[in-house]
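Protein chains in written order, with our numbering: chain A, 1 to 730; chain B, 1 to 77; chain C, 1 to 77; chain D, 1 to 227.
Possibly wrong hints are sitting among the right ones.
As the list claims (entries may be wrong) - Using 25 Å as the maximum straight-line C-alpha spacing, the simulated PhoX-like pairs for lysine-lysine come out as follows:
#1 D:K64 to C:K4
#2 B:K2 to B:K34
#3 C:K34 to C:K2
#4 D:K23 to B:K4
#5 A:K702 to A:K564
#6 C:K19 to B:K4
#7 A:K721 to D:K105
#8 D:K64 to A:K721
#9 D:K131 to D:K23
#10 A:K413 to D:K131
#11 C:K40 to C:K4
#12 C:K2 to B:K40
#13 C:K19 to B:K34
#14 C:K55 to B:K55
As the list claims (entries may be wrong) - Ranges of calculated distance between the beta carbons of each label pair, as one might list FRET restraints:
#15 B:K64 to D:Y106: 18 to 24 Å
#16 A:N714 to C:N31: 51 to 57 Å
#17 A:K376 to C:K34: 35 to 41 Å
#18 C:Q23 to A:K563: 52 to 58 Å
#19 A:I684 to D:D132: 14 to 20 Å
Just so you know, the hints here were simulated from the structure itself, not pulled from any lab data. Everything numeric in this text was worked out from a predicted model, so none of it was measured. A virtual CB, placed ideally from N, CA and C, is assigned to each residue, including glycine.
Each chain, written out:
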Amino acid sequence: MEVNEQVAIDHGLTKEEFKKINDLLKRTPNLTELAIFSAMWNEHCSYKSSRKHLKNLHTKGSKVIQGPGENAGVIDIGDEDAIVFKIESHNHPSFIEPYQGAATGVGGIMRDVFTMGARPIANLNSIHFGSTQHRKTKNLLRGVVKGIGGYGNCIGVPTIAGQTNFDESYNGNILVNAMTLGLVNKKKIFYSKAAGLNKPVIYVGSKTGRDGIHGASMASAIFDDKIEEKKPTVQVGDPFTEKLLLEACLELMKQDSIISIQDMGAAGLTSSSVEMASKGKLGIELDLSKVPCREDKMSPYEIMLSESQERMLIVLENGKEQKAKEIFDKWNLDFAVIGKTTKTNKLELIFNNKKVAEIPIDFLAENAPVYDRKWKKSKLPQKINYPKQIFKSLKLESCLLKIISNPNICEKKWIWEQYDHTVMGDTIQKPGGDAGVVRVHGTNKAVAACVDSSAIYCFAHPLTGGKQVVCESWRNLISVGSKPIAITNCLNFGNPEKEKNMGEFVECVNGISEAAKYLDYPVVSGNVSFYNETKDKGIKPTPSIGGVGLLKDYRNMLSMDLKKEESIVLVIGKTEGHLDQSVFSRTILLENKGPPPEINLFNEKNNGETVLKLAKENYILSCHDVSVGGILIALSKMCIKGNKGLKLNSNIKLHNKFSYFFSEDQGRYLIEIEKKNLEKVTEILKQNSVHFEELGIVIKDKLQFKDELNISINDISKKYKSWLKDYMVN
Amino acid sequence: MKIKIIVTLKSGVLDPQGKAIQQTLTGMGFNDVKEVRQGKYFDIETNESDEAKAKKNVDEMCKKLLANLVIEDYKIL
Amino acid sequence: MKIKIIVTLKSGVLDPQGKAIQQTLTGMGFNDVKEVRQGKYFDIETNESDEAKAKKNVDEMCKKLLANLVIEDYKIL
Amino acid sequence: MRSSVIIFPGSNCDRDMDVALKKYGFKNHMIWHNDITLPKCDLVVLPGGFSYGDYLRCGSIAGKSKIIQSVIDFAKSGGLVLGICNGFQILTETGLLPGVLQQNKYLNFICRNVHVKVNDKKNKYFKDISKDILELHIAHNEGNYFCSEEELKVIEDNNQIALTYCNSDGSNNKDSNPNGALKNIAGIFNKEKNVLGMMPHPERMIDKYLSGQDGSVFFENLIRNSK
Ligand SMILES: Nc1ncnc2c1ncn2[C@@H]1O[C@H](COP(=O)(O)OP(=O)(O)O)[C@@H](O)[C@H]1O
Ligand SMILES: [Mg+2]
């Protein structure tokens, strides 16, 4: 096939990019070379629209061992231990084939983590679907959950937390973000940077098939009516093989023979080989005839672009091939020496003894285009003035029941019961709490993790929204008694070529960065997913933040279930009554305008750190952050989980009971403390200038407030627990 | 009447089960086995007595539910 | 040569998946569907070129691995 | 007391089982599926997981692995063989235990705590156990026990039903059956009661920070009885 401008465009390149390739090479590329350029210059691999702004992210901190730029980020958790973690999107494939798309998403992120020498110890997921009324939603949800479970359960890594959201902006474009945490010895971390000349390049894992050819470009393509034609590019996951690959890689890593290792993710052999060479400032020569193929007559083009799963590329020390091969033989996996590192600084491909491609590595990596796309700043919307009379006809009880059974608030047990969350025998906080917690095997330490997003806030005001997600993640970690250490982020946005979408991206990133910096909660890894758009309709800006925190002693973990009758519940942080963008406003007042709640980073940090201080002194019986839905929802969840009730103080200072109970002001926590400790706790709070109020006292089985609310926890619980199950079963 | 359907993975789509079965068979001494591909089989009992109509219905069921045309093909026997 | 096999659940053995599919089909408006039973299908590619021999081999594979005779029957097509 | 845990490709509760056995005093060895002989031991455990990815039928391919003949011989000679979850599935596939484990009735993987009732104490696994009802954890997609009517009669006549799913008060009914298992069966013995297969994972409940502690009750009793 003759390569011309049209062929380049069909490969997702622009005219200008094609011209640049010709100029760089000083010739027209052949088809294989063009395909390699298209894969490497694709948004997914090159970050061409985002790179400029990602540089602004706050990525430094005393606990950071490895920030963005590697397969995953690495943080220090004391002793010899480090946690490797990252989140990644698999949105487009999951929309096309929910089971396989989600499954391979989980598989991919786990490979990113064990590539670095870490054994995965926990999985999380953030999933967003269209309106619950939309005809596709149920099947997509069912398929995605089965896919996530199918892969993670089979490998034997517990899925300990996650987040599920519904919003009509995802009707044509669901989000599936998968996150993995791995545990590694600090001194035994593996990187992707190749080093040394004439080192053997090894291919291990599954055979290469024609799966997912052009998957990377699909990940960056807008869906259109031709979506059906793009279907055959979906890959099939094989968790069984991945489990073998995991064990084999970890076994090989115990020997000192790996120089560098890289999983084959998007753009398969192309991006893995180019990245290794580029980081090592080396060349790489591959003989594609040696690549283990599943199908007959695969061409160099197909071999280079295949996205078959469960494969790795390794640069080994000379002379270690035989020993390495023995390990992969034992695990019944393919092993082939397919090339070597060279000093040419070029990617050179041989096939049937002929050179089929020759491209300087720089052209693919450093010279990849970077765009400074135009973007539009968002104005902070005007606050809504709610006329007093609209609250008149409302009853607390019916508002509470309506909100607690809202799809975005109700219990997600139907989902997480399908995930094995206890395998590996170290899960001490299961899904359903503020964050999942797993022990560091064989030690007293534990790691907490959560994943959050708040597209509603980000849509209303991206800068505030960006800050808010980071703060929410920080609060969730504090609520289980862990000290937040670092985050990973998955930035799901629409089409960056549109100024509005690009603006949302830029401002969310700035918001994330500002909060991360203030809280000393750096970003160590992440992923960008643009073009989440179908037929011109884009998603709400949805950065998902994955947070990781540390508990020095797992026995000090906090949970949200109320523990003891007669104890006292305090709300930490000030309730201003901000209703705009709250679930209450949107579902009860049917108002979706206005600014998101403000973020005060000083209070956020101070409140959080003070809660941790109280926890350290063992004053806290239970703890929960106040998030969407407001105080009354947060309280209800604590009651339901602990199977206890609460009598709210009748003298709470209220401007308006609805705005007090349902506003979504930030930086707040509910803590349960023993009556006898009230004085000491109060003192600590005052010393630290933390605003707090006494909310009420724990009672048997009812939620009571004056004569306005008197409802059994059982009734609230039924509403909370039944919505999703009923929706999925019927 | 009964209609039988076979749903198979498209050629080229990875079949992890088939691969594992083939390896096991070889391990058990069935050395002649070159490849195994696994698919699904459905027996559909319908009240529709007109065969042509029944098959047309089943064809629609395959398209809408029984097969995932992204990765599978189907055949009505 | 290629040998095709169908493995089905013995009648009387509950088939929850089949039942769920039947319910879904009914829910989708396919009202004529009385029962759905799901089974497995295998395509075995063997180097044995003698059909009788190949089938004999496959028969043994079914007995030893491909079907669980406690609940399943098989048929070599 | 010496135990052996067999590792199949795709096993994933092998480490958890190793930790639990050691915690309660077993000297445990991990055995690779390709080995042909078992070391001398008192208990062989087939752990949970997804041996061979659960491909074809759960446990079917592991049932053909090299080590299995030794496990069968060991069982036939009266040795204790315990299969948890996928291990249970393997035991039925090898014929050491009757019946099969089909897909859960509601077709979803289930991970949660359940209660099970100990139905027979005249055996080495449950003799003198301090509780009749245990709270244990299940995590499986194929735990729906099934066998023919004739077989069920034999099983019942021999008191081979080891554990049944129940409510916290011990009553068995449909609501306490998480997966549709025949007669709420959560675990069964072979005729001689030296082979036990069960869906619940006691090894995930061995300290109070985990899902519960009734796994400890199980293991403490097991080591006492195997002495
Ligand atoms: N997709 C999912 N996977 C695993 N756990 C989930 C998923 N969705 C929700 N959860 C769990 O449900 C719980 C409630 O989530 P969320 O409503 O975001 O809590 P909150 O706002 O109270 O912190 C969390 O503990 C979370 O781990
Ligand atoms: Mg929370």
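Status of the hints after comparison with the structure:
With a C-alpha separation of about 22 Å, the suggested pair K64 of chain D and K4 of chain C falls inside the 25 Å cut-off, and the hint holds. Of the supplied pair hints, the one linking K2 of chain B and K34 of chain B is violated, its CA atoms being roughly 33 Å apart against a limit of 25 Å. Straight-line distance between C-alpha atoms of K34 of chain C and K2 of chain C comes to about 33 Å, which puts the hinted pair past the 25 Å bound. As the CA atoms of K23 of chain D and K4 of chain B are separated by approximately 54 Å, the hinted pair breaks the 25 Å bound.
Our distance criterion of 25 Å between C-alpha atoms is met by K702 of chain A and K564 of chain A, whose separation comes to about 14 Å. For a cut-off of 25 Å, the pair hint linking K19 of chain C to K4 of chain B stands: about 16 Å separates their Cα positions. Restraint check: the Cα-Cα separation between K721 of chain A and K105 of chain D comes to about 21 Å, which is no more than 25 Å; the hinted pair holds. Of the supplied pair hints, the one linking K64 of chain D and K721 of chain A is violated, its CA atoms being roughly 44 Å apart against a limit of 25 Å.
Restraint check for K131 of chain D and K23 of chain D: the C-alpha separation of about 20 Å stays at or below 25 Å, so the hint holds. Pair hint K413 of chain A plus K131 of chain D does not hold up; C-alpha atoms about 29 Å apart against a cutoff of 25 Å. Our distance criterion of 25 Å between C-alpha atoms is met by K40 of chain C and K4 of chain C, whose separation comes to about 11 Å. A hinted pair counts as satisfied when its Cα atoms are at most 25 Å apart, and K2 of chain C with K40 of chain B qualifies at roughly 17 Å.
Taking the CA atoms of K19 of chain C and K34 of chain B, the gap is about 35 Å. The hint is violated against a cut of 25 Å. Between K55 of chain C and K55 of chain B the alpha-carbon distance is near 30 Å, which puts this suggested pair outside the 25 Å criterion. Checked against the hint of 18 to 24 Å, the pair K64 of chain B and Y106 of chain D passes, with Cβ atoms roughly 22 Å apart. Between N714 of chain A and N31 of chain C, the C-beta spacing of about 39 Å breaks the proposed range 51 to 57 Å.
Here the CB-CB span from K376 of chain A to K34 of chain C is close to 59 Å, at odds with the stated 35 to 41 Å. Checked against the hint of 52 to 58 Å, the pair Q23 of chain C and K563 of chain A fails, with Cβ atoms roughly 43 Å apart. With their beta carbons about 47 Å apart, I684 of chain A and D132 of chain D fall outside the hinted range of 14 to 20 Å.
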